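Asks: Okay, here's what each chain looks like letter by letter:
There are 6 protein chains.
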Amino acid sequence: MKILCINPNSSKEVTTGIKETCNKYPLTDIPLEVIDIPESPSGIETYQDAALAEKYLLEKFFTLEKSYDGFIIACHSDIGVDVLRELTVKPVIGIGEASMLFALPLGHKFSILSLKEKKIPQKEDQVKRYGLEDRCASIRATGLGVVATYQDKKEKLLEAGFKAVKEDGAEVLILGCAGMAGLDKELEKIIGVPVIDGVVSALLLMEGFLRYQLSTSKMRKYL
Amino acid sequence: MKILCINPNSSKEVTTGIKETCNKYPLTDIPLEVIDIPESPSGIETYQDAALAEKYLLEKFFTLEKSYDGFIIACHSDIGVDVLRELTVKPVIGIGEASMLFALPLGHKFSILSLKEKKIPQKEDQVKRYGLEDRCASIRATGLGVVATYQDKKEKLLEAGFKAVKEDGAEVLILGCAGMAGLDKELEKIIGVPVIDGVVSALLLMEGFLRYQLSTSKMRKYL
Amino acid sequence: MKILCINPNSSKEVTTGIKETCNKYPLTDIPLEVIDIPESPSGIETYQDAALAEKYLLEKFFTLEKSYDGFIIACHSDIGVDVLRELTVKPVIGIGEASMLFALPLGHKFSILSLKEKKIPQKEDQVKRYGLEDRCASIRATGLGVVATYQDKKEKLLEAGFKAVKEDGAEVLILGCAGMAGLDKELEKIIGVPVIDGVVSALLLMEGFLRYQLSTSKMRKYL
Amino acid sequence: MKILCINPNSSKEVTTGIKETCNKYPLTDIPLEVIDIPESPSGIETYQDAALAEKYLLEKFFTLEKSYDGFIIACHSDIGVDVLRELTVKPVIGIGEASMLFALPLGHKFSILSLKEKKIPQKEDQVKRYGLEDRCASIRATGLGVVATYQDKKEKLLEAGFKAVKEDGAEVLILGCAGMAGLDKELEKIIGVPVIDGVVSALLLMEGFLRYQLSTSKMRKYL
Amino acid sequence: MKILCINPNSSKEVTTGIKETCNKYPLTDIPLEVIDIPESPSGIETYQDAALAEKYLLEKFFTLEKSYDGFIIACHSDIGVDVLRELTVKPVIGIGEASMLFALPLGHKFSILSLKEKKIPQKEDQVKRYGLEDRCASIRATGLGVVATYQDKKEKLLEAGFKAVKEDGAEVLILGCAGMAGLDKELEKIIGVPVIDGVVSALLLMEGFLRYQLSTSKMRKYL
Amino acid sequence: MKILCINPNSSKEVTTGIKETCNKYPLTDIPLEVIDIPESPSGIETYQDAALAEKYLLEKFFTLEKSYDGFIIACHSDIGVDVLRELTVKPVIGIGEASMLFALPLGHKFSILSLKEKKIPQKEDQVKRYGLEDRCASIRATGLGVVATYQDKKEKLLEAGFKAVKEDGAEVLILGCAGMAGLDKELEKIIGVPVIDGVVSALLLMEGFLRYQLSTSKMRKYL
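Protein chains in written order, with my numbering: chain A, 1 to 223; chain B, 1 to 223; chain C, 1 to 223; chain D, 1 to 223; chain E, 1 to 223; chain F, 1 to 223.
Hints may be right or wrong, so weigh each one.
No copy is singled out in the list; a pair is fine if it fits within one copy or between any two copies.
Claimed, not checked - 30 Å max Cα-Cα, derived DSS-like pairs, lysine-lysine:
id, residue 1, residue 2
1, Lys128, Lys118
2, Lys118, Lys66
3, Lys218, Lys24
4, Lys2, Lys156
5, Lys185, Lys19
6, Lys154, Lys118
7, Lys185, Lys154
8, Lys19, Lys156
9, Lys189, Lys2
10, Lys118, Lys166
11, Lys2, Lys66
12, Lys2, Lys185
13, Lys60, Lys116
14, Lys218, Lys116
15, Lys116, Lys24
16, Lys90, Lys154
17, Lys189, Lys66
18, Lys24, Lys2
19, Lys2, Lys218
20, Lys128, Lys218
21, Lys156, Lys218
22, Lys218, Lys163
23, Lys156, Lys66
FYI, nobody ran anything at the bench for these hints, they're computed from the structure.
Predicted, not measured: the structure shown is a model, and the values here were computed from it.
Construct the entire structure; sequences and hints are all you get.
Replies: Next up, the structure:
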């Protein structure tokens, strides 16, 4: 058995961050591979980025589907997750959905720390599509781009995270971009609430799905 | 001023149907052009179809944007509408959204007559994204494909339409696919409730938007 | 064919404003008449005003119904729209509903700029009745009465409008009173987001409904 | 102290039924008077009936306000309740709202047994305006008019009531018209779930409000 | 006939406050007894307190059920209400639910003035369980414990109450703890909106339920 | 590290079923213990059962908390989960919540196959408390008790499961009682959609939570 974790953009920095994160939480039995999509934009900040990334992901997927047993989309907007679920019966998990599922049992409401203001409406649509709006305290823009220095990420995530907890009633925080991978535990210690990274959540969830031999329902939506 | 109506699939039959529909409701001042996307799938029934169509639509759009003043996406799933709104400040209207907006002032709740069972969850997601779930009585599958004979379309739309009115409490019906264009008034006469075609709705709405000089908000979502 | 636009209050100032607005967006084919209800209160700010205006509107309607093909109620609270839809099969559009429908395709969420604080709960009920609460960022009181000086209206609408955009996440603004007609484009230029006037929206929507030969559903609610 | 119970239609039969119902549950301390509005329609089945009844109710109210300490509107659609709350600080209760409030502590979900099919959308709007849609199992049409024979009422209420319990999961039933007064306990015995009459509920609630010296909030909505 | 009002904690101060409140609104026909549960925690601030109180309440209930005709749980979290409704057909009312039902006909939205921050999520769950989230303007923490000095309670309730009215749009306020009994009318005079005490509401509602001979539905939930 | 899985009732049959299920999905690193609560009722079918079980669970928990690193409550109603989250910072997962979280990424909507009709309202409350009502197609009663023969369970689960898929649009099914453990894969093969067992889901989720070193938020709700 083998899991494929796809960073649907072309940023090597993000891919490296994902790899480092995966190595911190070794899957005991199931080997993991991390790739990115070199044709894709370097970050997915716009609807245009998303449309292009989805197309390249889709093309690549046909050559990859047979060699793996589960697929993780390492983009917090869960780009292409619906398409891939349609194309394979094997489990497909997006890090956005996974991060929210991991947040739910840990507290009353979560907040998502996202990139620019522009992302907020899109994140609202995403949360609503999963039916989780009642559990979402807020979506906070940090002003960050997909790629940023560690120090910049840390400062802006701390600022937005503290506001989410104090002003919006968040009890759990979610890192709203794969590019934020690796900051979870450090923020957790400073802010004092659980901070969820979607890559880790998706990996651990996927491992569970594979052990439990779960596959995507082919009844209607993903037929 | 000029409107472009894009059928994002490659079916000439559907494009012809759209053209005929447009001619039935002549726009007095604003010329209209109807095109399709020859690289696209012949119908958009799956998430894969949608992803491919969106990509080809996007590529084509860059060469078209300057020559028109408003854009209609003639696919009831409103493929690519978010992307195009991001790429231009000119108004962009999908026939799915337009059909629902036209249905609202005519009755308490509408039902959408869609294609296969598989489409129902996707239509539910779409209605919810527009925040209109409280006004939607039901989404009914007809079992039709994008392309079908006139007789087949009529029979299956009548059957699903009567059920929507009698069992689900629909007061208005919506044709849930551009391929159903042209059947609205005939169904209306037989079933006895307004039947809305999204292409007509989008055209008339677009004409209004252009006269009123409305453009897409560039505040956050479509920046 | 002829459209009747009814200002359901008795303010000549408001009627004149509506007429001027209508003339800015000439309907090419369909003549339009604007009247008010001289027996009505001079503005509709209370539930009592609404009840009285509805009664006088209803009485007048019996003598008017035959002479027109579509009816616009030029009061943002959509006074009497349900009654009129019951009394005629011809389309009836309120400027409140029309303004919201026009706002939807232009951005993620709209805010309504209303009159006094007292109006907010009533507007909340109205938005909820249309099932649009998920698309409404906020309802902001300007403190204005139905009749006010141009300068006063402009200042207070700008103040409330900027707050709606910056604090509530509005991407589109709606003028929440017929008495605000004529300020849309000026506010739009200053605030930088689309500003929707309900009178214009209702006129353009009505023109579309008449061309498309749509009539009110007589299935249940408006039988 | 004195309570006024207003039947906002002109049907003497309905008024007599209300009086008999009131006498079954004597208010120990607070005298009660029951009147109807002779100028009103004989039953409130349409939006037009409602608009007319509201106008006549309003006119009459100015001469009545001073002589009573609390007002009950004995129409299940709660005609005029908002207007009256605006016109007086004394408590005003509609039998529709009261019946739902009494139903809530008795079971998981209630169903409303209403008159014709046409009433269902209006009842849906009413339940939603009170924010109680999650507690409402269904609204069932009996096909009854406001005035009907006892036997006809009983048969049709039993049929709709059993369906609500068996098919919709109702645990409590509500009589959806003042004209159904007096059938509650008989239906209760046969169907085996609590059956709520709005007139009784409103009377008992009003007595409580008067003892507790509660008055309508004049903060925003009813100022 | 006899009503039992159970304070499910062991605080004599709270019990005394409840008794004094009950005496202010004498039930004309129906005698009332107030008890507490000496084995219970002295206040119910945590889930643990609630679980223990529910257990002791349940044990005591078996010996009490036969001697009374209606039961009031004088804890604003409505501890044990579901259990007791299952164990008896006689009406059971919690002061939390009763306070919200009494607030509804008095204004557009209510706010609950609760104890510590920790209570807010639990109150949100409670309001949502009753399906009343659309009518709830906010839940405000006062920082109070169950037992506090009169002066401390008054000051903190005033502060939170004014904020609820001015910042959250509350038109009615609810005392969110049985330990706040007796402050309603004083706060009402100062803040200028109705202030609802749940103990009084539950008593008056129970009197109504008993006169109307209402009992808990045994159809599904409370079988 | 060690996980404790608590069956909060006293049925040895259920405990044995849980143990067998756990053994089918061996946790590679983390030892697991399964216990029941001998003082508890033999099954949790009523609110009374739940209150008693919660109390005994709570008492036992004080002696267990130190010896384990994560706690699973093997009752689909998630009895005591809120209390335990308050008492420890270590992760606590109920099999009800876990089963729903595992169902979400596999299809559009899930249905819960529960025991008797009486359970349906309680399950509705539970789904709503988690904010997942939009993802829940239906809750179906099987008529089963907590303990039943394998053949009886299989037949009734198949009947309810097929109805959920065909009539309610379920794409994923959830076993709504710990006593149904072990039937997941067999039903899955026959019905053709994923069937989720909460015990397995909770185990795999807990393993993920422990590896990721997640703990319950102590910000407000569970402080």
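Asks: Hints first: check each against the structure and report whether it holds.
Replies: Okay, the hints, checked on the actual structure:
1. Lys128 / Lys118: Answer is both; intra-copy 17 Å and inter-copy 20 Å each pass.
2. Lys118 / Lys66: between (37 Å within a copy, 24 Å between copies)
3. Lys218 / Lys24: This pair counts as between: shortest inter-copy Cα distance 25 Å, intra-copy 34 Å.
4. Lys2 / Lys156: neither (36 Å within a copy, 37 Å between copies)
5. Lys185 / Lys19: within (16 Å within a copy, 34 Å between copies)
6. Lys154 / Lys118: both (20 Å within a copy, 28 Å between copies)
7. Lys185 / Lys154: Within one copy only: 11 Å inside a chain, 42 Å across chains, cut-off 30 Å.
8. Lys19 / Lys156: within (23 Å within a copy, 47 Å between copies)
9. Lys189 / Lys2: between (33 Å within a copy, 24 Å between copies)
10. Lys118 / Lys166: both (23 Å within a copy, 13 Å between copies)
11. Lys2 / Lys66: within (11 Å within a copy, 36 Å between copies)
12. Lys2 / Lys185: both (27 Å within a copy, 22 Å between copies)
13. Lys60 / Lys116: Classified as both: same-chain Cα gap 29 Å, cross-chain 28 Å, threshold 30 Å.
14. Lys218 / Lys116: Between copies, since 14 Å is at most 30 Å while 36 Å is not.
15. Lys116 / Lys24: For Lys116 and Lys24, only the intra-copy Cα distance (28 Å) is at most 30 Å; the inter-copy one is 39 Å.
16. Lys90 / Lys154: Answer is between: at 26 Å across copies they meet the 30 Å cutoff, but 36 Å inside does not.
17. Lys189 / Lys66: For Lys189 and Lys66, the Cα distance is within 30 Å only across copies (22 Å; inside one copy 41 Å).
18. Lys24 / Lys2: both (18 Å within a copy, 21 Å between copies)
19. Lys2 / Lys218: within (22 Å within a copy, 37 Å between copies)
20. Lys128 / Lys218: Answer is both: 23 Å inside a copy and 22 Å across each meet the 30 Å cutoff.
21. Lys156 / Lys218: This pair counts as between: shortest inter-copy Cα distance 23 Å, intra-copy 42 Å.
22. Lys218 / Lys163: Between copies only: 17 Å across chains, 42 Å inside a chain, cut-off 30 Å.
23. Lys156 / Lys66: neither (41 Å within a copy, 37 Å between copies)
Hint check: violations occur at hints 4, 23; the rest are consistent with the structure.
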